[in-house]
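A.B. asks: Respectively, the protein sequence lines represent chains Z and F.
Here the working numbering runs 176 ahead of the position in the first sequence, where the first position is 1.
Here the working numbering runs 176 ahead of the position in the second sequence, where the first position is 1.
Hints may contain errors.
The following residues of chain F were derived to be distant from chain Z, with all beta-carbon distances above 12 Å [as the list claims (entries may be wrong)]:
#1 ARG264
#2 THR324
#3 ALA340
To give an idea of the interface, some chain F residues facing chain Z are shown, with a C-beta separation under 8 Å as derived from the structure [what the hints assert, rightly or not]:
#4 PRO302
#5 ARG304
#6 TRP305
#7 ASP374
#8 GLY462
#9 HIS473
#10 PRO476
Honestly, the hints are just simulated from the structure, not real lab data.
The structure presented is a predicted model; accordingly, all values stated were derived computationally and were not measured.
Yeah, the Cβ is synthetic: ideal placement off N, Cα and C, and Gly gets one too.
Protein chains: 2
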Amino acid sequence: MPTPVQQAEPAPPASGRGKGIVVAAALALSACSTVQSEPIASAAPAPAAAPSVPMGQQWLYGSAEGAIATRQTFGALTSYATAKARTRPADSVIIDDATGKPVPCGTKPLAAVFDADETLIWNIGPMRWFALRGAEFDAKTWDQWEKTGTGKAVAMPGAIEAMAALRAAGITPIANTNRSAANAAGSEQTLAAAGLGDFRHGETLFLMGDDAGGSSKDMRRATIASRWCVVAMAGDQLGDFRNLFNKPELPPLQRRALATAAPYDALWGNGWFLFANPVYGPSIRGGFDDIFPAETHWEPQQ
Amino acid sequence: MPTPVQQAEPAPPASGRGKGIVVAAALALSACSTVQSEPIASAAPAPAAAPSVPMGQQWLYGSAEGAIATRQTFGALTSYATAKARTRPADSVIIDDATGKPVPCGTKPLAAVFDADETLIWNIGPMRWFALRGAEFDAKTWDQWEKTGTGKAVAMPGAIEAMAALRAAGITPIANTNRSAANAAGSEQTLAAAGLGDFRHGETLFLMGDDAGGSSKDMRRATIASRWCVVAMAGDQLGDFRNLFNKPELPPLQRRALATAAPYDALWGNGWFLFANPVYGPSIRGGFDDIFPAETHWEPQQ
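Based on the provided sequences and hints, a complete structural model is requested.
C.D. replies: If you want it as structure tokens, here you go:
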């Protein structure tokens, strides 16, 4: 094994602010409305060094590995959905929260439901802006991004090919996102300009404010399932699948156990497809005791 | 959209050392032997705050999303490999670097080739140790981990089920890792204790030092392909697939273009399966100009 110091590149400068962005953007885009309140400023001292690109953004937005992981997920979703379309399924992959059972398909037309941010498009415009300025995420800037970001958000690797393959198979792509209904035109234009095709508010684009559900997408999912036979669903956050799983207030390992328990565990990769997003979200939480179980603790003999 | 400051958790304290760990561990475990040399210490000032769990570790080792992304990849690999086994393929998914063509299968027995670290097992023992101490990765500690980590490394989510399904389909799992040949017994025991079954040095476990290839796995891949019909290959780093792709010295977006160009792009998710690893590796690199193309630059109107 090589000696790291001989071969290492300089580590990026510490950036508490950079991490603040990640955590804050997490909470806005993934809308975890139950997290305990503490101002970021109290925990994120301004660094001496210039801000650096957060690690998660380096991996997701910059690396071959991040792009390949993304393409693999689009490929798996497309193969699954087009196979399902050939033999119409009896049930949608959307769960009726009243019964805990999938919504029946009947004779409804076929659809696949996607989150938008970090599931169809990468929001590299504002992510760069926040990180470069060492600024916290702020809702005012994000609101401007929804209105004016057209042409600056990029389709995720494999997304354009996936949308084309789904439409060719008679499956309509639908977006269910926590972007604001007040900015519907901007989000329609942003998705179209990224090359993803036609998403129309109220028909194939569902936004926060469309109903009384707030940041929970469950009510919008129920509306979609009442009109469509949903053969696949995709997102980067648990709330994109079932709000019951979101639970940012749970300790990470308990939250993981909840989302991967039977019977719904069988849906991951089989109807439900999760995109890696180590940039923001309730997934990026936890101290040493939260992440590392006691039975795995190890130390070298000095 | 909620106001982040009302709902944010405290951001983790800045940790240049934490980032140092990531970069250094990257270089050791992924063995990018061509990176320019600069001591990490020069770029990673000791932070005032206590070390925190690096973001990438929070996502990968702690979150539901990280576990689900991992399980999805094992599921896709298992489906692909078992389908291939039913109709013996003509070619391995290992490329002969002399010809750029896949190695023929002939009548060789079926196998699937995996990297070990962050592909079969999570090395949470030493990762916790490095992060908790705010210590840089060091080869001496890692060498002790290879020798004494048995029982402290955990099988990745979905790995145990995948090994069982592959073996049941007559496909032998093989590990090709840059752990040291000198520590073969420790690595055999670590994989077995994690519940992954039998990996034998020289038969189904290939290590750095087995040949003159050093940290390049190409020569070991050629040896494996001479004995086995390899129906699937998996890793978390480009070097786990073809050393030609590793190229940590390339700017990130050029490296991404190289690894996702035809004809090999068709193999990702179809024979080659990449696991998300935002914790370490040559994937975690780049400044603002490396990651964010000029045409995507955006700023709010103040």
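A.B. asks: Run the structure past the numbered hints and jot down the numbers of the failing ones, going up.
C.D. replies: Checked against the structure, the hints that fail are numbers 2, 7, while the rest are satisfied.
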